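Peer 1: Below are the chains, spelled out letter by letter.
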Amino acid sequence: MQVNETNTVNTEEKEFTPLIVAFCCNWCSYAGADLAGSSRLSYPANVKIIRVPCSCRVNPLFILRAFQRGADGVILCGCHPGDCHYSTGNYYARRRMTLLFSMLDYLGIEKGRTRVEWVSAAEGAKFSATMNDFAATIHKLGPNRKLRDLRCEK
Amino acid sequence: MQKIGVFVCWCGSNIAATVDVAAVAEAVKGEPGVVFATDYQYMCSEGGQSLIKETIKEQGLTGVVICSCSPRMHEATFRKTVEAAGINPYMLEIANIREQCSWIHKNKEEGTEKAIILAKAAVAKLNLNTPLIAGESRVVKRALVIGGGIAGIQTALDIAEAGYEVDIVEKQPTIGGKMTQIDKTFPTLDCAACILTPKMVDAAQSEKINIYSYSEVEKVSGFVGNFSVTIKKKPRYVNSDLCTGCGACMEKCPSKKTPNEFNMGLDNRTAIYIPFAQAIPKVPVIDTAACLHFKTGKCGICQKTCSANAIDFDQKEELITKEYGAIVVATGFNPLKPTKFDEYQYNQCADVVTSLEFERLMNAAGPTKGVLLRPSDQSHPKKIVFVQCVGSRGQSCRDHSYCSKICCMYTAKHAMLVRDKYPDTDVTVFYIDVRTPGKNFDEFYRRAVEEYGVHYIKGMVGKVEQVDGSLKVQASDLLSNDQMVLDADMVVLATAVEPDPTAKSLATMLTASIDTNNFFTEAHPKLRPVESPTAGVYLSGVCQGPKDIPETVAQGSACAAKVIGLLAKDKLLSNPCVAHSDELLCNGCSTCANVCAYGAIDYVDKEVNDHGKREVRHIAVVNEAVCQGCGACTVTCPSGAMDLKGFANRQIMAEVDAICK
Ligand SMILES: Cc1cc2nc3c(=O)[nH]c(=O)nc-3n(C[C@H](O)[C@H](O)[C@H](O)COP(=O)(O)OP(=O)(O)OC[C@H]3O[C@@H](n4cnc5c(N)ncnc54)[C@H](O)[C@@H]3O)c2cc1C
Ligand code: SF4
Ligand code: SF4
Ligand code: FES
Chain Y
1 MQVNETNTVN TEEKEFTPLI VAFCCNWCSY AGADLAGSSR LSYPANVKII
51 RVPCSCRVNP LFILRAFQRG ADGVILCGCH PGDCHYSTGN YYARRRMTLL
101 FSMLDYLGIE KGRTRVEWVS AAEGAKFSAT MNDFAATIHK LGPNRKLRDL
151 RCEK
Chain C
1 MQKIGVFVCW CGSNIAATVD VAAVAEAVKG EPGVVFATDY QYMCSEGGQS
51 LIKETIKEQG LTGVVICSCS PRMHEATFRK TVEAAGINPY MLEIANIREQ
101 CSWIHKNKEE GTEKAIILAK AAVAKLNLNT PLIAGESRVV KRALVIGGGI
151 AGIQTALDIA EAGYEVDIVE KQPTIGGKMT QIDKTFPTLD CAACILTPKM
201 VDAAQSEKIN IYSYSEVEKV SGFVGNFSVT IKKKPRYVNS DLCTGCGACM
251 EKCPSKKTPN EFNMGLDNRT AIYIPFAQAI PKVPVIDTAA CLHFKTGKCG
301 ICQKTCSANA IDFDQKEELI TKEYGAIVVA TGFNPLKPTK FDEYQYNQCA
351 DVVTSLEFER LMNAAGPTKG VLLRPSDQSH PKKIVFVQCV GSRGQSCRDH
401 SYCSKICCMY TAKHAMLVRD KYPDTDVTVF YIDVRTPGKN FDEFYRRAVE
451 EYGVHYIKGM VGKVEQVDGS LKVQASDLLS NDQMVLDADM VVLATAVEPD
501 PTAKSLATML TASIDTNNFF TEAHPKLRPV ESPTAGVYLS GVCQGPKDIP
551 ETVAQGSACA AKVIGLLAKD KLLSNPCVAH SDELLCNGCS TCANVCAYGA
601 IDYVDKEVND HGKREVRHIA VVNEAVCQGC GACTVTCPSG AMDLKGFANR
651 QIMAEVDAIC K
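Residue numbers (our numbering), protein chains in the order written: chain Y, 1 to 154; chain C, 1 to 661.
Simulated from the structure, these hints should not be mistaken for laboratory data.
Among the hints, a few may not be true.
[Stated by the list, open to error] With a straight-line Cα cutoff of 25 Å, these simulated DSS-like cross-link-like pairs (lysine-lysine) come out: (1) C:Lys661 - Y:Lys140; (2) C:Lys3 - Y:Lys126; (3) C:Lys645 - Y:Lys111; (4) C:Lys645 - C:Lys606; (5) C:Lys178 - C:Lys282; (6) C:Lys661 - C:Lys322; (7) C:Lys526 - Y:Lys126; (8) C:Lys661 - Y:Lys146; (9) C:Lys439 - C:Lys178; (10) C:Lys472 - C:Lys439; (11) C:Lys178 - Y:Lys140.
[To be verified] Chain C is nowhere near these chain Y residues, computed Cβ spacing over 10 Å in every case: (12) Asp34; (13) Thr88; (14) Gly108; (15) Ala136.
If you're wondering where the values come from, they're calculated on a predicted model, not measured in any experiment.
For every residue, glycine included, the Cβ atom is placed at its ideal position computed from N, Cα and C.
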């Protein structure tokens, strides 16, 4: 959710709009996002979705890359446990992300910046609520400075 | 370098109202590879599609990005469009700027900015796309049905009717399943044998159906359209080609003391036996554990008796390997054995029986010739107590949590049949709920109560005790909160429906999934109820969940329709977005095969050319016809050898980069 704070003149301290990457599995969560769209349930424009066949396709390297490139939060959405189109993909995703997120936490990427959510094709409202909530959380945490590729900084 | 064309759709005002489509087209023009960009009112319309086709030709495009509605909507449409203009259908990417953008953002500036980023991400991905070609595989026009109960028979008959060959593998000496043991059937009370045996005969006589009785599936390999199955034919010790089914051997066999499985152990059979008169095939089997010849090397009376010379003590187990296009699981169920339910004294009292045993006691071809007699003293029971939900709908570890679905109805049937045949018998049924959702089911149950005077008590039986040759049943009436003790001559337990014990090993062999109760899982609980999640494997009957006969038959036919749909195809096209392992990077660690839910990964010893160095390496090879393209293996691969076509690591990374700029 957008929080309107007084804009300062200095562009460096311009209001912080977090950049969020959302990996969504094709069968449930991507369809849930479509439903949020067709139900006109809004969420911040800075959430950008990348479609993957299944949550288990998400390589930890994609998430590291996103943080390195300046993402402030990364969320992985898949089918509910037991509903994965490929039966067990989301179980692998869940285990992998548990490990990855604790390693990221150790590196200084707070746990709040990473999230796994199960959103079904029927849960447009949940999709939008999740994205709003996640964006608000990231907004509170502020910009990710820890994993940025310093060579990219101007 | 790619030559990419970008087409931005207005979708009428759906997109154009909140996204400046012209600005999006303008913004992507500078992106690598983009040689053309435009906007158009409706890309999916005839005019929009022609525009794409013409531009592909005029500009010599190698790939197309369409910024429009969700790919779930029109990806297939646009793939066909670009293919028609001569480029590979997988050289297309869609940026979802409607559902993910114009429909949820109100501010046009914000919407346009996001649409541009989504378009750039699609361009970045497309730059790394490669043409993909869907593989083709042939379809073996023969089906295998595992389990020859009413479900399997129905499925086989329907497939045969459509003109395809079907083999039935049945582990018992005869086909027919549990229905052969049932006396009369609810809700019509027609005799089970009268409706089942003609179907068994049809199956046996069909030119298209081949029955492997007393056989089991030993090994399954292959994939949809191309399964290779090894069937183990257990030795009957009787030559089926010679045997006439006269039964002379059974009459002469001196070993007569083996509990008769068909009659639920309520009487005995000989060592050489045919389970029941209408068995198919009507060829006896020798039970080697009971046969004197196998135990002592002597006897051999049957061999001397048989005028057809069919007895063959040297018969060996036979392995047959055949190819099938589709496999149907129809392994049915078994009623739970209530040995862990001490309170009902099933192990101790002969007069405490299960419902299936009761069916045999009421059946004219049963151990008592259809006269209802107590197993303990062969007297006629005057008071019968039925207990429902034994092992169903419970919380403890000996119970199943599910409802077995058929017990309410068959108990009403039993109660009615007893009252009909022996009006002087007092019948009480203890139930938790009476569930009768089926055509004419509630009427049937009400008839039991209203016309036949069966006492229904909502309550639980706490204990059954044997006192002086009769039974005392302690129970509670949940409606009046009374504790009661009833005298009974016989107690009948409606025990839970359990999947056949072979379900688990079979599921592993077929890479089909089962639920926590070992029932086979359907591909979708609502929309794909007769398919398993594994392509080419179908489900028929109670193996998928408790069902009565009408439902089993309906599902059996539905399953056949799906199988026929598959067998009617000459070739199958597979999804080309499949995994692929780089033979130079793979070290054959087999990590990937462990995560693949479809068994799509095999290992081969292959000669590779590693920068001029030729050597044989043990490496992973993905079977493209089996791989479903989930990508689980790509992430687990420690050497980075495994990648997914269409969603390659580089492609997804490129999208991440484009978004996080
Ligand atoms: C006491 C009782 C009374 C009933 N009364 C009625 C009634 O009145 N009306 C009604 O509609 N329904 C009734 N039913 C339900 C009915 O029995 C079932 O709906 C029906 O039998 C299901 O058929 P099926 O083919 O799915 O399973 P089954 O009849 O169990 O057949 C499965 C077959 O597969 C074989 N098999 C199992 N595993 C393998 C393997 N690994 N390899 C090869 N073969 C294998 C088995 O040997 C068996 O022959 C009753 C059930 C019970 C227990
Ligand atoms: S992509 Fe999925 S289905 Fe294909 S081989 Fe890998 S794990 Fe198996
Ligand atoms: S996990 Fe990777 S390295 Fe190991 S066998 Fe599979 S493809 Fe080869
Ligand atoms: S397909 Fe949605 S999590 Fe696997």
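Peer 1: Are the hints correct? Go through all of them and say.
Peer 2: Outcome of the hint check:
no.: 1; hint: C:Lys661 - Y:Lys140; result: holds, 22 Å
no.: 2; hint: C:Lys3 - Y:Lys126; result: violated, 40 Å
no.: 3; hint: C:Lys645 - Y:Lys111; result: violated, 32 Å
no.: 4; hint: C:Lys645 - C:Lys606; result: holds, 22 Å
no.: 5; hint: C:Lys178 - C:Lys282; result: holds, 17 Å
no.: 6; hint: C:Lys661 - C:Lys322; result: violated, 57 Å
no.: 7; hint: C:Lys526 - Y:Lys126; result: holds, 22 Å
no.: 8; hint: C:Lys661 - Y:Lys146; result: holds, 17 Å
no.: 9; hint: C:Lys439 - C:Lys178; result: holds, 22 Å
no.: 10; hint: C:Lys472 - C:Lys439; result: violated, 36 Å
no.: 11; hint: C:Lys178 - Y:Lys140; result: violated, 64 Å
no.: 12; hint: Asp34; result: violated, 4 Å
no.: 13; hint: Thr88; result: violated, 5 Å
no.: 14; hint: Gly108; result: holds, 18 Å
no.: 15; hint: Ala136; result: holds, 16 Å
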